[in-house]
Structure formats: C-alpha cells, structure tokens
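Position chain B with the ligand against the provided structure of chain A, taking the given hints into account.
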Amino acid sequence: MSTTDFDLIVVGGGPGGYVAALRAAQLKLSVAVVEANHLGGICLNWGCIPTKALLRASEINHLLHDLGQFGFTVDNPRFDFGKVIGRSRAVSKQLSSGVAHLLKKAKVPVFDGFGKLAGVEGKKRKVEVALKDGKSVTLKAPHVILATGARARVLPGLEPDGKFVWSYREALVPDELPKRLLVIGSGAIGTEFASFYRNMGSEVTLVEVADRVLPVEDEDISKLARTAFEKQGMKILTGAKLGPLKKSDKDVTVEIEVGGKKETITIDRVISAVGIVGNVEKLGLEGTKIVVDRTHVVTDELCRTGEAGVYAIGDLAGAPWLAHKASHEAVMCVEAIAGLHVHPIDVTKIPGCTYCRPQVASVGYTEAKAKAAGYEVRVGRFPFIGNGKAIAMGEPEGLVKVVFDAKTGELLGAHMIGAEVTEMIQGYVIARTGELTEAELKETIFPHPTISESMHEAVLAAYGGALHF
Amino acid sequence: MAIEILMPALSPTMTEGKLARWLKKEGEKIASGDVIAEIETDKATMEVEAVDEGVLGRIFVPEGTEGVAVNTPIAVLVEEGEAVPEASSAQPNEAPSSSKAAAPVTAMPAPLAAQTSAPAVNKGTRVFASPLAKRIAKDAGLDLTTIKGTGPHGRIVKKDVEAAKSAGPAQAMASAAPVGGTTAHPLSTMRKVIARRLSESKSTIPHFYVSVDVQLDALLALRTQLNAASPEEGPDAFKLSVNDMLIKAAAVTLRRVKGVNVSFTDDAILEYNDVDISVAVSIPDGLITPIIRQADRKSLREISVEMKDLAKRARAGKLKPEEFQGGSFSVSNMGMFGVSSFSAIINPPQAAILAIAAGEKRPVVKADGSLGVGTVMTTTLSVDHRAIDGALAAQWTKAFRDVVENPITLVI
Ligand SMILES: Cc1cc2nc3c(=O)[nH]c(=O)nc-3n(C[C@H](O)[C@H](O)[C@H](O)COP(=O)(O)OP(=O)(O)OC[C@H]3O[C@@H](n4cnc5c(N)ncnc54)[C@H](O)[C@@H]3O)c2cc1C
Chain A
1 MSTTDFDLIV VGGGPGGYVA ALRAAQLKLS VAVVEANHLG GICLNWGCIP TKALLRASEI
61 NHLLHDLGQF GFTVDNPRFD FGKVIGRSRA VSKQLSSGVA HLLKKAKVPV FDGFGKLAGV
121 EGKKRKVEVA LKDGKSVTLK APHVILATGA RARVLPGLEP DGKFVWSYRE ALVPDELPKR
181 LLVIGSGAIG TEFASFYRNM GSEVTLVEVA DRVLPVEDED ISKLARTAFE KQGMKILTGA
241 KLGPLKKSDK DVTVEIEVGG KKETITIDRV ISAVGIVGNV EKLGLEGTKI VVDRTHVVTD
301 ELCRTGEAGV YAIGDLAGAP WLAHKASHEA VMCVEAIAGL HVHPIDVTKI PGCTYCRPQV
361 ASVGYTEAKA KAAGYEVRVG RFPFIGNGKA IAMGEPEGLV KVVFDAKTGE LLGAHMIGAE
421 VTEMIQGYVI ARTGELTEAE LKETIFPHPT ISESMHEAVL AAYGGALHF
Chain B
1 MAIEILMPAL SPTMTEGKLA RWLKKEGEKI ASGDVIAEIE TDKATMEVEA VDEGVLGRIF
61 VPEGTEGVAV NTPIAVLVEE GEAVPEASSA QPNEAPSSSK AAAPVTAMPA PLAAQTSAPA
121 VNKGTRVFAS PLAKRIAKDA GLDLTTIKGT GPHGRIVKKD VEAAKSAGPA QAMASAAPVG
181 GTTAHPLSTM RKVIARRLSE SKSTIPHFYV SVDVQLDALL ALRTQLNAAS PEEGPDAFKL
241 SVNDMLIKAA AVTLRRVKGV NVSFTDDAIL EYNDVDISVA VSIPDGLITP IIRQADRKSL
301 REISVEMKDL AKRARAGKLK PEEFQGGSFS VSNMGMFGVS SFSAIINPPQ AAILAIAAGE
361 KRPVVKADGS LGVGTVMTTT LSVDHRAIDG ALAAQWTKAF RDVVENPITL VI
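If you read the sequences in order, they're chains A and B. Going left to right, the first sequence walks through residues 1 to 469 as this note's numbering numbers them. Going left to right, the second sequence walks through residues 1 to 412 as this note's numbering numbers them.
Just so you know, these hints were derived from the structure itself, not from any lab. Don't take every hint at face value.
What the hints assert, rightly or not - Pairs of lysine to aspartate or glutamate residues, derived as EDC-like cross-links and limited to a Cα-Cα distance of at most 20 angstroms, are as follows:
#, chain 1, residue 1, chain 2, residue 2
1, B, Lys134, A, Glu301
2, A, Lys407, B, Asp139
3, B, Lys158, A, Glu440
4, B, Lys159, A, Asp346
5, B, Lys158, A, Glu301
6, B, Lys138, A, Glu376
7, B, Lys134, A, Glu443
8, B, Lys159, A, Glu301
9, B, Lys158, A, Glu376
10, A, Lys407, B, Asp143
11, A, Lys407, B, Glu162
12, B, Lys138, A, Glu440
13, A, Lys349, B, Glu162
14, B, Lys159, A, Asp300
15, B, Lys159, A, Glu376
16, A, Lys126, A, Glu376
17, B, Lys158, A, Asp346
To be verified - Interface residues of chain A toward chain B, partial, derived using beta-carbon atoms under 7 angstroms:
#, residue
18, Leu67
19, Thr408
20, Glu410
21, Glu435
22, Thr437
23, Glu440
Said to hold, decoys possible - Chain A residues, not near chain B, derived (Cβ > 12 angstroms throughout):
#, residue
24, Phe79
25, Pro396
26, Ala431
27, Gly434
28, Ala439
C-beta atoms are modelled at their ideal positions from N, C-alpha and C, and glycine is treated no differently.
Same shape as in the complex, but just chain A (with noise of 0.2 angstroms):
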C-alpha cells in the first residue's frame, strides 16, 4: 500500500470517525481513518453496544424473577456470569468486525496507529501515524477530521486500580459479580451501571451530587426514577458529599454525608462514572490556532475548529456525550467539506437515551429549562397505568411527558420513562424536527395497542384532556 494522499484523513474510528469515512467514500472522496486501537471507538467496544447487551441479560435475570405474574413457574433459575460477559463481549467483537467489513467494502484503508497533526506541506495537512508495528507513515490531506473521542475522567482518590475501583471499562468485564457494589454518578452511565448490577442481585448504592437522580432529566422522570430503582433495592444518595475511600485487603469503606448526615457503608466493588474527558493530547495541537477548552477541543456550528481545514467531532468536540451525535456531525461535516449545503446541529433536537429499568429517553427542553429560556409553557402528562399495551405486557410504570410552547404549539421537549421509551423517542424528534405542532401530533394516528399511544394521549393531555386517564 502506497498511497499517502487523501482528499480527507479521519483521525479516529469510533461512530463519529467511521462514519465519517463512510460517507466521504460515498461522496466520492479519497480517504483514510487512522484507528489506534478498535474500529468502531468507545461505542462499539466498550459503551453504547457492550452495555446494552449487558442490560438485556439483566432485564431477562429480572423477568426470570418475575414470572409468577405471567402464569410460570421455573424453578431456582440461574446464571453463569462468565457468559453474560462473554456473551456482551462477543457482540462488540461482531460489530466491531462489521465496521471493518463496511470500510473495507467503501475501499477506505484502515491506518492501524495513533495519528497525531504534524504540520503542513503546501496546501495539504500532514498527519503522522505510529504504526502499531512501530513504524510510522505520514498521510497528507487538505481535510483532516479529528474523532478521538473521550474517556472517563478520573476523580483523584478515585483512580481505576485494577481491583476496587473501577470505570467503565473494567466495569464491562468484570470477573465476578460484586456482592455490595457502590456507584458514584448518576448519569446515564452510573445509572445504567446500578441498574445492571442490581438487576443481576447485587447490592447497590447509587450516590449523586445534584439533588436528584439523572440531573439532566426532567424532574418528574427523575423523581418517577428514584421511586422504580428503590422499589427495585436500590439505595439513592443524593445531594451526596463522598468521603476518602478507605480500601482494605477484601473491602472498601467510605463515609458519605447527606444533608449533614453522616453514614458509612463498606463495598466490596465501586464504579467511577463522574463524566468524561476529550482525548486531547499527543494530537499535535500545539502551536497550532485549534484551541482547547477543558479537555474539548472548540469548534463552530459546522464542527469547524481554529485551523483551516481541520475538523473536530464527536465526543472530542463536547457534550452532549451521544455515538448518534458523533455520527451526525460526521456527515454533517463531510457534506460541507464536500461543498453540499448542510444544516447545522440544534442540540435540542438530539434525543437521549438511558436503558436503565425502567428506560429513560428525552429530547428537548425540560420543564424547568422552557421556563427559564422564557417560554410559556403548556404541559400534559400520561401515565402508562392509562395503557393498554403497558398493563398487558405487565409493565404499568411509566410516564410521557410533553411541553408545548403555548404561544405557537411548537412541541419544547418530550420527557419518558417506563418500557420501550428508548425505542420510541424517536417520534417526537421527529416532530421536532419537521416542526409539527400540536395540531399534527393530534391528528396523527397511533396503533392500537402500543405503548406509542401514550405518546398521543400526552399531547392530548397538555390539549383539554386525554381520552384514556
């Protein structure tokens, strides 16, 4: 292989960098993805896919449990935690290799390195690649795309030590499974961490800064969240000061203060998931115009950053923290680069998903943030008890939330909870997206039984009343 000269060189092969390639390859560009460990990035190996297929086998551990209500009886069912993980890991590894595959098919090459800007060769930027066979090769483009994404951030006292503490990642493939487990963060990542172990029988103990569980919610879903988790087991600390772990041969102990209240609880596992930082270093940044801003690199509406022709991505360009975020602001960055006429991202239109039991999924503004931006708000509510679907399939719990601008009936936010929200959100992205108001949604029909229809009931709600509570 000798060639070196791209018309774009994507730095990064998680879903914001192969996408990137992909759709440059479809386009018709000549390009190249620089990946230092795994196609298909945090997402793939080890976050959005490992996850869920640990969750799933929680969900089922939780239905074993669960049965009498369904008319079964089965006997002292069990598992064999080694699989579950293996299991998760093997379907990383299928959708890892599918992304090879797809790149593969576009006839985009695959540079197995760490790549790093290194200056610039007349009207081309240079990018170095060591290799991972400890050579390296300098690529050349007018475009780079960085998508190095991110990692977990660690908290000091809180460092991933091999044993005790985990993040993440050891999180996802643990040996066994942790009797008394802690969980400090309760963002989607912590939550759908507490909500698998807890579901597999461990004791946990999720503890939260902010006042409440899932702060970026609405508060209605986080309030409907802690009430599902502690019926479920779960102990929820919030408003939570943390003290020094205290870590012996077998266990942890560690004293957490609550409104002046001092506990202490001892752990045989904790997990960190305090946020992520960017991926920002050894990228050759330095001395360049690309400027930095707490771990992220800046960028503007078109994911342009400080340099001229270099681009920036994905978690590496910030929050929200989402693989179909990632993904979108690569195509969305390749068509400009390809001269299309693109249309920058609104974050509120990006849906967010926890596949904790019950799920959690949103778009938009909550409540309490419409307010504040100075809307008039109009809010209706469904709860799943009204349902049909929902009670048949033994899931009762849940609620859809709408808020309506009252002036122009322009759909602010969507806020759900209970079963197959995840899988249903994307309704009123939809909406938000092509700008229906209330009139369409009203007039949308939805099919009889799902859980969808709360969807409509909720709009009907914020409207003189739904028809089913």
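Structure of chain B with the ligand alone, referenced to chain A:
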C-alpha cells in the same frame, strides 16, 4: 389528457347561473390559479380559477349565456399540442370525476371581498414550510411567499420566519423584490378581488352621491332606553349598537322607497322583493359584507344578535358563502373611526350603498327655531345613476333622515 371545466356551484343551493364573462380566450395558456371566467347568479358574481394548467382548448358555453346548469362542462383544458375535443363528453349534471379543472374561488359581493376560507384558493405556487413556521408566520401576519427557506430542500422553517419577523417586512422582502425605494407586498387573493371588483364598479357604474346630515339624539335616547330593558345576563340579554339601529333604519327606508332596492341589468331594472342588507365588516387584509336578510322584518334585537355573530365569524374567516353572497343594499359605517364624511363605492350588482360617518356634537337649529347642540352624523348615499335618478335618491335620504330622527318606527 383533456380536462373539462365544469360550471361551479356558487352556494350549496345554486342549481344554475349565468356565464357572465370569459377572461381567457381559446388557445390561451392557463396556469393553475388563473382566473378564467366569471359566473353570476341573481345575487352574486364569482370567479372561476383554474386548478390545473394547460391550454384553454375550447369554450363550450359562450359568455352571456344564462341558465347554465351546475356541473355542465363549460370548456376544456388540454395540454399543449394535444388534440382539442369538438364537444363536451359529459351530459349536464353528470360530472366526470376528472372534471375538476375549475374551482369556485372568490364569491363576492364586492366592494367588499372574498373570504379567505373560500374553496380552493390556489396561488399556483406551493409554499413549502413547516407547520410551526406556517403558524408563526400567520400569527405575525407574515406572507410566507416573501420568506426564503433554509431548511431541507429550501423548506421554510421556524428560524427563517423568526429572522423575517425580527428583520421587519422590508427586510423580509429584500431578497424577493427589491424595487428601488419601495417594498413589494404581494397581493393576496382577497386583495386582488377587491382591486378588480372595485375598479370595475367604479369604471362601469356611473356613481353619484347624495349627502344628508342626520340628527341622532332621539335614536341615542331610544337606544339607552331599550338597552336598559335588557336582562342583566342570560340568553335574552342584548346590547344594541348604533349600527344595529342604522341597519334597521336603512331597511325600513328601503321598504318605503323601493326604487333604491334594485339592480340594473341591460334588459331590466330588477327590484328585490326582500330587503337584504350587506354590512361591511373589516377583516385582516380586507373586508367582507355579511348579510342581514330581510332586515326590515327583523327586530332590533334579532339584528343585533345576528350582526354580532356574523361579524365574529367574518373575522374568523368562518362565514358560509350564502352568508355574504347576495344582498340588495349595502351599509358601510366608519363612525367608529371618527370620520366626518365619506362616500363608498357601490357593491355590484346592487345599485346603492350608504356611507355612515361619525356622530359629532354640532350646533343645530331646534324645532322652535332656537340654536342648540345636537349629535349629528353625515350620511352619504352612493347610487347607480343607470337605475336611480337624483330625485329618487333625495327622496330616499330624506326618508332615512325621518326614520332616524323619529326612531320609534324602528320598534313598531
Ligand atoms: C459505558 C458507556 C455507555 C454509553 N452508552 C451510550 C449509549 O447508549 N448511547 C449513546 O449514544 N452513547 C453512549 N455512550 C457514549 C458513546 O460511546 C460516545 O458518545 C461515542 O462513542 C463517541 O464517538 P466518537 O467517535 O466521538 O468517539 P469514540 O467512540 O471514543 O471513538 C474514538 C476513537 O478514536 C480512537 N483514537 C483516539 N485517539 C486517537 C489517535 N490519536 N489516533 C488514532 N485513533 C485515536 C480511539 O481508539 C477510538 O476508537 C456511552 C459511553 C460509555 C462509556
């Protein structure tokens, strides 16, 4: 494929009408939205707009033909270069399903105008805009055709409308039609109808005007007395306006001087048996004339209740065609704007319209010859000289003054 254009129904009850005029000739190119013909009944005139595009292949019904049954093919639209059928395929009243090339658009007692919700108002060009963008534009009174879309495939989205809104009308138009120092506001269908009908009225009807000052004090006193008799609330409550009373006064006068309740046609002067008063109501971007039918026979309270309902629905664009088409005489009241006098343009095919200005305190000579202060308004009757002569007009205005100044006639 040849598409037949059918005689449209002006109202649900219309069975036939007169094909008054062709506005396009055989062989002429037609774009969808073009006005191709005018249809008349005894009560109203309506334009026929093309829904499809093509070439006007053949006219089956010549202009001036009376008694054309609804759904009769009146012409055929063909594609360019396509053979033109000799005669219409369908028998009258048998509407082939593809015969939908014409739509009744603007029913119109002019001077006043068509209703925005008239069927199939089709501007010919479809505007692509998100529902939210449409709603915000409507609320802000912005015309979407003047806004540039930046969404997918040039679709107009919220952002574009908000930009246009904050930029103001001049800015919104700048990209569409910068014409020297002016700003072009494209005509709405209603505005076009108003323009055409009023020009036609003013250029074909020989107008003349008769003004008379009318003292209102007695009428105002009666109004106070009558309103005091209304129950506080409940279904029987009413609140008469001066306008309600003047509508009735005009109706009573028309009953007395029947020669003004007429229409001029080439063959005859048609005297209406009923007194149906068209009342001008201003609505966004124009005006419309809902009708108080048989106003001379209705009580003041009936007129008041009906007028309130009609005006409210007129502003909401919710009038039915038969509620604003027809009428035998018009009243236009600009008193609320404080004008001291004005004259109005006749609403064809009617022959007269009464313009009512504001009641003002003015010096008056009382019955005993002494000077006093009274509430006086100037009313001006515009008349079609082809049907009504000066003496008759003067007789009418005098009778009107008598009725208003001796308003007891309105309640007996
Ligand atoms: C546990 C967990 C669960 C998650 N669940 C979800 C979820 O359910 N839904 C969701 O939308 N998001 C989820 N996320 C977030 C999601 O994984 C990220 O938003 C997404 O992976 C970001 O994509 P990216 O392409 O920007 O970066 P990454 O996926 O991080 O990919 C970056 C790639 O670049 C490579 N790289 C880094 N530096 C270099 C270099 N210098 N040279 C060459 N290669 C380099 C890395 O090896 C990596 O493969 C989850 C994250 C975690 C940790």
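Here's how the hints hold up against the structure:
1. B:Lys134 / A:Glu301: Violated, because 26 angstroms separates the two Cα atoms, which is more than 20 angstroms.
2. A:Lys407 / B:Asp139: At roughly 9 angstroms apart (the allowed maximum being 20 angstroms), B:Asp139 and A:Lys407 satisfy the hint.
3. B:Lys158 / A:Glu440: Given that 20 angstroms is the threshold and the Cα spacing comes to 16 angstroms, the pair holds.
4. B:Lys159 / A:Asp346: Answer holds: B:Lys159 to A:Asp346 is near 11 angstroms, not above 20 angstroms.
5. B:Lys158 / A:Glu301: 18 angstroms, holds
6. B:Lys138 / A:Glu376: 19 angstroms, holds
7. B:Lys134 / A:Glu443: OK: B:Lys134 and A:Glu443 at ~17 angstroms, within 20 angstroms.
8. B:Lys159 / A:Glu301: It holds: about 15 angstroms lies between the C-alpha atoms, which stays within 20 angstroms.
9. B:Lys158 / A:Glu376: Holds: B:Lys158 and A:Glu376 sit about 17 angstroms apart, inside 20 angstroms.
10. A:Lys407 / B:Asp143: 19 angstroms, holds
11. A:Lys407 / B:Glu162: It holds: about 14 angstroms lies between the C-alpha atoms, which stays within 20 angstroms.
12. B:Lys138 / A:Glu440: 16 angstroms, holds
13. A:Lys349 / B:Glu162: It holds: about 18 angstroms lies between the C-alpha atoms, which stays within 20 angstroms.
14. B:Lys159 / A:Asp300: 18 angstroms, holds
15. B:Lys159 / A:Glu376: Answer holds: B:Lys159 to A:Glu376 is near 19 angstroms, not above 20 angstroms.
16. A:Lys126 / A:Glu376: 52 angstroms, violated
17. B:Lys158 / A:Asp346: 13 angstroms, holds
18. Leu67: 46 angstroms, violated
19. Thr408: Given a least distance of 5 angstroms, the restraint on A:Thr408 holds.
20. Glu410: Where the cut-off is 7 angstroms and the nearest Cβ of chain B is about 5 angstroms from A:Glu410, the hint holds.
21. Glu435: For A:Glu435, the interface hint holds, since the closest Cβ of chain B sits about 3 angstroms away, which is under 7 angstroms.
22. Thr437: 5 angstroms, holds
23. Glu440: Holds: closest Cβ of chain B sits about 5 angstroms from A:Glu440, inside 7 angstroms.
24. Phe79: Since the minimum Cβ distance to chain B is about 48 angstroms, A:Phe79 lies beyond 12 angstroms and the statement holds.
25. Pro396: Holds, because the least Cβ-Cβ distance between A:Pro396 and chain B comes to about 33 angstroms, which exceeds 12 angstroms.
26. Ala431: A:Ala431 is in fact no farther than 12 angstroms from some Cβ atom of chain B, at 10 angstroms.
27. Gly434: Violated, since 6 angstroms does not exceed 12 angstroms.
28. Ala439: 7 angstroms, violated
Hint check: violations occur at hints 1, 16, 18, 26, 27 and 28; the rest are consistent with the structure.
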